[in-house]
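Peer 1: In the order they appear, the protein sequences are chains L and A. Going by the UniProt record's numbering, the first sequence opens with residue 1, and the numbers climb by one from there. Going by the UniProt record's numbering, the second sequence opens with residue 1, and the numbers climb by one from there.
Since the hints were derived computationally from the structure, they do not count as laboratory data. Be aware that one or more of the hints could be misleading.
Stated by the list, open to error - With the Cβ distance kept under 10 angstroms, some of the chain A side facing chain L (calculated, not the full set):
{"#": "1", "residue": "GLU34"}
{"#": "2", "residue": "GLY49"}
{"#": "3", "residue": "TYR54"}
{"#": "4", "residue": "SER57"}
{"#": "5", "residue": "GLY60"}
{"#": "6", "residue": "LEU64"}
{"#": "7", "residue": "ASN110"}
{"#": "8", "residue": "GLY162"}
{"#": "9", "residue": "LEU164"}
{"#": "10", "residue": "MET166"}
As the list claims (entries may be wrong) - The calculated label-pair distances, taken between Cβ atoms and stated as ranges, are:
{"#": "11", "chain 1": "A", "residue 1": "LYS185", "chain 2": "L", "residue 2": "SER43", "range": "16 to 24 angstroms"}
{"#": "12", "chain 1": "A", "residue 1": "LYS118", "chain 2": "L", "residue 2": "LEU325", "range": "24 to 32 angstroms"}
{"#": "13", "chain 1": "A", "residue 1": "GLY156", "chain 2": "L", "residue 2": "ASP150", "range": "53 to 61 angstroms"}
{"#": "14", "chain 1": "L", "residue 1": "GLU331", "chain 2": "A", "residue 2": "GLY156", "range": "52 to 60 angstroms"}
{"#": "15", "chain 1": "L", "residue 1": "SER342", "chain 2": "A", "residue 2": "THR172", "range": "54 to 62 angstroms"}
{"#": "16", "chain 1": "A", "residue 1": "LYS48", "chain 2": "L", "residue 2": "GLN339", "range": "53 to 61 angstroms"}
{"#": "17", "chain 1": "A", "residue 1": "ASP72", "chain 2": "L", "residue 2": "SER522", "range": "23 to 31 angstroms"}
Positions of the beta carbon are idealized from the N, C-alpha and C atoms, including for glycine.
The lines below spell out each chain.
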Amino acid sequence: MDDLNEEGAELYSHHGVVVKSQSQNRDDDFQCSGTLSIVEYCSIGKCIEWKPTEVSVDSETHDQEWAMVNAVGRRNLPSNGNNEGQNRCRSVRIELADLKSFYITRNMQRVTLMQRDGTTHSAFFFQHGNADCFVAALKGNIKTIRSRKDKHLFIVPDQPESQALNRSFAELDLYTENTSDFVWRFVKNLPHRPYESALEAFCKVTDLLLFRPPEQRREEEVAELLNRSLTLDESPANVAVEEYAVIQLGNGPILPPRPPAPRGPPLTVEQWTRFQDKDGRILEVETLKDIIFRGGVEPHLRYEVWKFLLGYFPWDSTHADRQKLRKQKVEEYFQMKLQWRSVTPGQEQRFSDFRERKSLVEKDVTRTDRTVQFFAGENNKNLQTLSDILMTYVMYNFDLGYVQGMSDLLSPILCLMTDEVDAFWCFVGFMDKVCSNFELDQAGMKQQLQQLYCLLSVTLPDLATYLEKHDSGNMFFCFRWLLVLFKREFLHQDIMRLWEVLWTDLPCPNFHLLFCVAILDSQQHILTENNYGFTEILKHINDLSLNIELDSTVSKAEGIFHQLTSAVKLPDVARKIIGLDPLGDPDGEDKNDSAQATNVDRGLKVEEGPESLETVTYEPSTGEVSFERSLNLNYL
Amino acid sequence: MTNLGSAMANRSGAQRPNGTQGKICQFKLVLLGESAVGKSSLVLRFVKGQFHEYQESTIGAAFLTQTVCLDDTTVKFEIWDTAGQERYHSLAPMYYRGAQAAIVVYDITNQDTFGRAKTWVKELQRQASPNIVIALAGNKADLANKRMVEYDEARGYAEENGLLFMETSAKTAMNVNDIFLAIAKKLPKNEQVAGAGTSGQGRRLVESEGQQKAPGNCCK
């Protein structure tokens with residue numbers, strides 16, 4: 001926070017408000033207690049300010065409820081921590097003019113503040129009493145509207161825009177009563193309206209009223225450029241996209257209510273032992289995976305179980321097999337390691353492909369998870385191991401080489417395994433699952449973003465439409481989530497839990513995409529009611545890092561899976577993404593088989609890669625509009 | 001444009017007491033450069049005044065805003081911070097097209113990154129808006145004892161190509177605010193020039209009544 005040269009007038013203050021720091025720490029949680037106030041300055045007007053009063057590391061000392069807010073699993077800070085301590089608790093100042101909305105949860109004890117540019121100040125937690133007084137004080141200074149869709153969300157209406165809107169409607173002289181009430185009611189109800197045409201028409205009016213310049217808006221252009229840079233075909237198909245979106249609402253699948261999907265306890269040592277025969281073969285793998293899906297694995301058991309989940313050890317191998325296998329793998333590893341270790345400086349100088357890869361590895365190793373104890377401090381030997389494994393992986397898969405993000409995937413594995421060889425082969429298993437994310441042409445990422453939009457459009461059609469209209473139908477704001485499988489969004493302990501859940505491949509393929517949908521489900525009203533555009537959406541989603549609740553989100557994702565499996569008229573493309581058999585044409589069971597076969601063929605092409613999609617044509621009569629839309633390459 | 005402008009002015013001025021007259025300009029700025037030269041660190045220093053020795057790599061993109069004051073003008077930067085690795089090059093045009101300013105960053109301790117910076121400059125000159133203001137930043141100036149790129153070499157290159165140039169250090173904060181301020185000064189702030197943009201993404205420029213600049217965020 002910048003220091004102002006003036007004393008502000010304090011309008012309100014509340015002590016004992018705890019902030020969870022937004023530093024990049026993935027290893028532990030820490031929070032600071034401080035004072036939240038509303039202060040008025042001559043120069044910049046009224047501000048919300050939070051200033052720390054104490055620095056605390058051990059969250060156990062705080063009251064229970066707040067501890068619950070935090071993710072499970074904490075470790076102590078690295079004792080040799082540099083000046084992080086001071087960095088952790090920075091004062092916060094938000095000008096009221098910049099406040100877009102706020103979100104209150106946990107019995108009025110937790111407040112999240114969101115700015116107009118998409119910046120999210122996560123979680124001010126009121127230790128003593130609750131946020132009632134603060135909210136009342138806030139309301140005394142600015143106009144707020146409670147969201148009708150989400151009772152926790154309060155919007156600060158955009159002053160000039162609302163004035164413009166009111167004024168314009170008054171000028172139109174359409175309504176004799178209180179025009180502003182009518183307009184606002186209309187605006188708030190808008191997303192509920194079933195008639196897409198009305199929505200679209202109104203959007204146009206709104207655009208006009210908000211004095212958008214006739215040229216493309218900045219964000220549209222950015223999004224369009226993104227689309228262009230990611231597509232193979234340059235011809236614009238935006239018009240077609242709009243049409244699909246319009247039809248989709250009336251014709252979309254009907255989803256049943258979302259069933260609860262309770263989580264379970266993690267796999268225990270006793271259970272794990274019971275699943276093995278006397279020779280060490282793992283029996284009833286599917287039952288075992290089901291336990292892991294539902295609750296993960298007890299932390300000290302991960303070391304063993306991950307080797308199976310990542311395909312390093314076959315499930316049906318015996319103790320003896322594994323001993324033999326490991327011996328082989330050790331040899332194989334050191335053979336590859338020797339290859340790059342024996343490159344002489346002279347060779348290296350004449351071997352640019354190798355040099356490039358080595359330089360990329362070096363650059364990333366020094367900045368991977370350095371706040372995690374395992375990698376903290378100068379001259380940490382674990383960094384050398386991290387580097388050695390990545391260099392050996394370069395030799396294992398030289399064509400793929402090293403791509404940014406890989407060190408993020410390796411880091412938790414190495415922390416757990418500590419052994420270089422075991423960590424390497426587990427990493428290889430993980431890379432086998434996600435290597436398409438790192439391909440040169442980005443085809444794997446493109447496909448996943450498309451599939452994500454497809455699943456979103458059947459699960460949360462209103463949000464999908466909103467994103468489309470706000471230049472974000474390309475789902476680019478989820479790029480980081482997918483590239484490193486949420487590694488940057490969770491603390492170390494949580495990401496281990498999430499990954500082992502995802503590695504079970506239960507309850508369906510691409511469950512990680514449903515996990516994305518589940519996060520977006522919880523953000524839907526914040527995104528739409530704040531009227532965020534391309535940049536604000538990206539910023540808000542980036543700012544969610546370390547503020548996503550793991551278990552409830554997995555549970556929600558599973559609930560969504562059950563909804564989709566029992567949905568009426570779920571389009572085949574969506575069905576295939578989550579591993580369900582295609583239905584063919586859902587309406588006409590008597591239709592000829594060849595037509596259905598064609599449909600299936602088309603659907604299958606999706607999974608083969610984007611190149612094959614360009615020539616696909618659609619038949620709107622099939623009613624599977626949402627997936628046709630997602631097939632349209634030009635939107636990504 | 002004028003209408004949009006007045007809307008902007010009202011919004012920003014809504015919570016502020018009456019004061020002197022002022023203009024508000026909004027510019028899109030993009031950071032480009034080889035991986036690990038310190039793009040994110042420069043932004044973090046400029047926007048939050050922070051520095052992390054081991055700043056993690058940027059995946060995808062980050063977007064931040066910061067405001068600076070210049071005489072009677074408030075300049076709001078919309079900053080796109082990008083991933084540096086060549087693998088993600090195909091995403092770059094989306095960031096720099098329509099940008100009114102770019103900072104191309106290299107690491108003074110690494111000659112290769114300077115070469116890469118030159119390639120970025122060429123690409124910008126060829127493909128970005130013709131009026132884009134480009135600044136060249138030789139970052140990690142605190143590591144002068146490991147210097148591999150001479151100051152004069154970089155300055156000469158910058159002069160030849162009409163770039164702003166400074167050596168910076170996100171670690172010590174040296175020249176960080178200065179380079180953004182220098183860009184703000186060089187950006188056109190009158191409506192005629194603003195309208196001449198090729199991208200159609202107008203620089204948002206307004207004259208407001210009852211508007212005072214916000215020293216809280218600027219004039220540091």
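Peer 1: Now tell me, hint by hint, if it's right for this structure.
Peer 2: Results of checking the hints against the structure:
1. GLU34: This hint holds: GLU34(A) lies near chain L, its Cβ roughly 9 angstroms from the closest one there, short of 10 angstroms.
2. GLY49: Hint on GLY49(A): holds, closest Cβ of chain L at ~8 angstroms, below 10 angstroms.
3. TYR54: holds, 4 angstroms
4. SER57: At about 5 angstroms, which falls below the 10 angstroms cut-off, the nearest Cβ of chain L leaves the hint on SER57(A) intact, so it holds.
5. GLY60: Since chain L brings a Cβ to about 4 angstroms from GLY60(A), closer than 10 angstroms, the hint holds.
6. LEU64: Status holds, d = 8 angstroms.
7. ASN110: Since chain L brings a Cβ to about 9 angstroms from ASN110(A), closer than 10 angstroms, the hint holds.
8. GLY162: violated, 25 angstroms
9. LEU164: violated, 23 angstroms
10. MET166: violated, 22 angstroms
11. LYS185(A) / SER43(L): 16 to 24 angstroms: holds, 22 angstroms
12. LYS118(A) / LEU325(L): 24 to 32 angstroms: violated, 50 angstroms
13. GLY156(A) / ASP150(L): 53 to 61 angstroms: holds, 58 angstroms
14. GLU331(L) / GLY156(A): 52 to 60 angstroms: holds, 54 angstroms
15. SER342(L) / THR172(A): 54 to 62 angstroms: violated, 40 angstroms
16. LYS48(A) / GLN339(L): 53 to 61 angstroms: Between LYS48(A) and GLN339(L), where Cβ atoms are some 44 angstroms apart, the hint is violated.
17. ASP72(A) / SER522(L): 23 to 31 angstroms: violated, 44 angstroms
Consistency note: the structure conflicts with the earlier hints numbered 8, 9, 10, 12, 15, 16 and 17.
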